[in-house]
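**Q** Between the sequences and the hints, there should be enough to build the whole structure, so can you do that?
Protein chains in written order, with my numbering: chain A, 74 to 412; chain B, 74 to 412.
You can trust all of the hints, since none of them are fake.
Pairs involving identical chains hold if they fit within one copy or between any two copies, as the list cannot separate such chains.
Within a straight-line C-alpha distance of at most 25 Å, the following computed DMTMM-like cross-link-like pairs (lysine to aspartate or glutamate) qualify:
#, residue 1, residue 2
1, K181, D165
2, K374, D174
3, K181, E133
4, K98, E133
5, K181, E111
These are calculated hints, taken from the structure and not from any lab test.
Protein chains: 2
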Amino acid sequence: MVTIADVAREARVSISTVSYALTGKRSISEETKKRVIETAQRLGYTARASARALAANRSEIVAVTAPFHPATDASAHMAFAMEITIQARAHDYDTLLLVHDDALAGMKRSAASALADGIIVLDVSANDERAHVARSLTCPVVFIGVPDAADGLVCVDLDFELAIRLAVDALVEHGHRAIALISQPKAIMQREPNFPLRMEREFARYGAQRGLHVVIVHPDQDHADTAVAELFARQPSTTALVLSTTTGVVDSLDATLAGHGLSIPSEISVITAGMMTPSYASQQFDAFPLEPQLTCPVAVKQLVELMAGQGPPPGVTLVAPTYRPRGTVAAAPITASTP
Amino acid sequence: MVTIADVAREARVSISTVSYALTGKRSISEETKKRVIETAQRLGYTARASARALAANRSEIVAVTAPFHPATDASAHMAFAMEITIQARAHDYDTLLLVHDDALAGMKRSAASALADGIIVLDVSANDERAHVARSLTCPVVFIGVPDAADGLVCVDLDFELAIRLAVDALVEHGHRAIALISQPKAIMQREPNFPLRMEREFARYGAQRGLHVVIVHPDQDHADTAVAELFARQPSTTALVLSTTTGVVDSLDATLAGHGLSIPSEISVITAGMMTPSYASQQFDAFPLEPQLTCPVAVKQLVELMAGQGPPPGVTLVAPTYRPRGTVAAAPITASTP
DNA sequence: TTGAAAGCGTTACCAT
DNA sequence: ATGGTAACGCTTTCAA
Numbered sequence: 074m075v076t077i078a079d080v081a082r083e084a085r086v087s088i089s090t091v092s093y094a095l096t097g098k099r100s101i102s103e104e105t106k107k108r109v110i111e112t113a114q115r116l117g118y119t120a121r122a123s124a125r126a127l128a129a130n131r132s133e134i135v136a137v138t139a140p141f142h143p144a145t146d147a148s149a150h151m152a153f154a155m156e157i158t159i160q161a162r163a164h165d166y167d168t169l170l171l172v173h174d175d176a177l178a179g180m181k182r183s184a185a186s187a188l189a190d191g192i193i194v195l196d197v198s199a200n201d202e203r204a205h206v207a208r209s210l211t212c213p214v215v216f217i218g219v220p221d222a223a224d225g226l227v228c229v230d231l232d233f234e235l236a237i238r239l240a241v242d243a244l245v246e247h248g249h250r251a252i253a254l255i256s257q258p259k260a261i262m263q264r265e266p267n268f269p270l271r272m273e274r275e276f277a278r279y280g281a282q283r284g285l286h287v288v289i290v291h292p293d294q295d296h297a298d299t300a301v302a303e304l305f306a307r308q309p310s311t312t313a314l315v316l317s318t319t320t321g322v323v324d325s326l327d328a329t330l331a332g333h334g335l336s337i338p339s340e341i342s343v344i345t346a347g348m349m350t351p352s353y354a355s356q357q358f359d360a361f362p363l364e365p366q367l368t369c370p371v372a373v374k375q376l377v378e379l380m381a382g383q384g385p386p387p388g389v390t391l392v393a394p395t396y397r398p399r400g401t402v403a404a405a406p407i408t409a410s411t412p
Numbered sequence: 074m075v076t077i078a079d080v081a082r083e084a085r086v087s088i089s090t091v092s093y094a095l096t097g098k099r100s101i102s103e104e105t106k107k108r109v110i111e112t113a114q115r116l117g118y119t120a121r122a123s124a125r126a127l128a129a130n131r132s133e134i135v136a137v138t139a140p141f142h143p144a145t146d147a148s149a150h151m152a153f154a155m156e157i158t159i160q161a162r163a164h165d166y167d168t169l170l171l172v173h174d175d176a177l178a179g180m181k182r183s184a185a186s187a188l189a190d191g192i193i194v195l196d197v198s199a200n201d202e203r204a205h206v207a208r209s210l211t212c213p214v215v216f217i218g219v220p221d222a223a224d225g226l227v228c229v230d231l232d233f234e235l236a237i238r239l240a241v242d243a244l245v246e247h248g249h250r251a252i253a254l255i256s257q258p259k260a261i262m263q264r265e266p267n268f269p270l271r272m273e274r275e276f277a278r279y280g281a282q283r284g285l286h287v288v289i290v291h292p293d294q295d296h297a298d299t300a301v302a303e304l305f306a307r308q309p310s311t312t313a314l315v316l317s318t319t320t321g322v323v324d325s326l327d328a329t330l331a332g333h334g335l336s337i338p339s340e341i342s343v344i345t346a347g348m349m350t351p352s353y354a355s356q357q358f359d360a361f362p363l364e365p366q367l368t369c370p371v372a373v374k375q376l377v378e379l380m381a382g383q384g385p386p387p388g389v390t391l392v393a394p395t396y397r398p399r400g401t402v403a404a405a406p407i408t409a410s411t412p
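**A** Given below as structure tokens:
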């Protein structure tokens with residue numbers, strides 16, 4: 074393999090000159106700089122990562138933990154992991170993938186061995202074990218998502234409550250006054266997850282504030298049928314739905330509404346808030362979606378700053394969702410606004 | 074940070090003794106070994122990855138390239154990347170994620186800088202650029218999937234043709250004699266993809282060999298409707314379907330068949346071959362699926378051997394699929410076997 | 001069975 | 001503007 078010494082000899086300069094010419098960490102005369110770079114390219118020189126890491130005391134690697142409980146959506150994880158990787162590369166970092174039950178041990182290991190300069194934590198749950206681990210580590214950690222005990226941690230997440238308000242606003246603008254929120258299935262709600270609860274509260278609060286008729290329902294299973302039946306039973310005047318639920322419910326909604334003789338958007342408007350939108354879904358709804366492109370760049374930027382020793386103080390950064398219109402929100406039907 | 078010198082001093086042995094006691098690369102008396110390990114634990118010592126990599130000339134890292142063209146199924150990639158990571162950890166390797174258009178440059182970079190000891194290539198397409206790159210690298214590369222020009226490469230893949238035969242066998246065992254293959258949508262077939270074409274050929278060949286009535290159809294879009302209509306038009310006696318297509322087609326099949334007055338499995342049997350089975354799918358069919366758990370362990374094992382300098386010669390290793398019965402294959406209806 | 005010391009290839013400090 | 005060289009922390013050869 075070709076080392077920095079080879080380049081130095083060939084370019085008739087010292088080793089340090091090569092290093093500086095290539096890294097640009099100190100000024101080198103244009104002439105020698107050019108000669109060094111040319112020589113390096115000709116010899117096919119690339120600095121050895123391990124040597125560089127040892128000497129510079131930084132690996133230029135960030136670890137990404139994506140715990141893989143089967144219940145979680147693999148495609149969502151991948152989208153986040155991919156986006157993190159892309160963003161990290163933009164800052165000249167590579168990403169190490171930590172998965173499975175190795176996530177906890179992996180965090181400790183990659184920090185203790187200085188394998189990674191920093192860690193991104195994905196798929197954060199309410200009482201995430203990784204929160205405790207993060208505090209015990211000396212290397213910077215950024216969470217995408219907010220655990221219950223977020224004190225002392227750097228977290229980035231979508232502003233879910235804002236997503237709810239924006240979704241409601243979009244519907245109200247079209248004249249809807251009776252709106253239903255289809256939230257997570259009962260099985261999930263029993264675990265009292267952090268954000269679904271907060272979104273429901275915000276939906277109720279903001280609906281009342283704007284003087285709307287609102288109702289919140291939870292699907293029985295991963296299907297829309299019971300939820301739709303319940304929401305019309307409890308609030309027959311409903312003309313619009315806000316969705317913040319599972320993909321199974323979303324996928325089955327179109328057919329379920331058709332079963333009630335309702336078509337989208339002429340008779341009922343639909344918008345999602347704070348949800349991932351799988352690209353393979355047959356029906357795409359208007360959305361304020363949970364997009365990796367929103368949170369990941371922010372998270373990586375914060376981590377990079379942290380690794381440079383000048384990061385932000387601990388705290389939660391909420392990112393505003395972006396509207397993705399897809400034609401499933403229309404004016405409220407006359408019949409509904411009459412009574 | 075605590076170094077090997079700290080441990081050596083504290084344990085009153087030399088640095089090399091600590092190294093050997095911890096790595097087990099040469100015999101150390103039980104007594105000192107125990108003392109060293111105890112001391113290391115007490116001080117919280119972990120070898121610095123960069124120093125180890127520099128001295129030993131190996132990083133204990135494998136790179137995984139998962140190019141992310143939007144057309145590909147993110148959840149499939151994730152499943153593979155996860156499984157690779159899990160398998161790699163079982164061999165004490167970490168995995169570096171290479172994505173996007175950075176895949177090509179990333180392979181070169183991680184090899185040139187000795188960042189990774191080996192590379193796993195995922196989502197291999199027929200004429201994959203990465204095949205050429207792989208040949209030019211000095212570090213071992215294992216492909217999961219088989220490019221057209223596979224000479225000189227180490228590849229691992231599912232035996233798709235066997236999957237087709239096994240699926241047909243399973244149907245024939247239940248008395249089916251008229252079988253249709255729903256293959257990839259026309260848009261995909263126009264690119265003349267490697268395996269779908271080979272599976273169609275094998276389906277036709279094997280069907281003929283077993284004296285069956287067979288027909289092959291391609292969906293118009295990512296939906297089953299036109300394909301189902303066409304297959305019954307061309308072969309009304311059809312009593313069973315083999316699926317090797319997209320998730321959209323699979324998801325819509327149940328409803329489409331119902332529209333034809335057919336229910337699964339009493340009136341028509343369905344089995345998939347060589348497909349990923351998304352866990353979120355509402356309808357789960359009998360399957361000889363494409364599972365990461367099948368190919369990834371083999372691929373990682375081969376790569377590990379290669380990195381140890383004693384790997385297998387270039388060539389393609391095909392892995393047999395496993396039957397996943399889910400109750401969608403039943404005896405052929407009488408009406409069909411009569412004529 | 002153990003120790004001393006020579007690398008491994010860079011970075012970065014101290015000179016010039 | 002450039003060069004010499006001491007770290008960086010570990011593995012591994014060579015001696016004892």
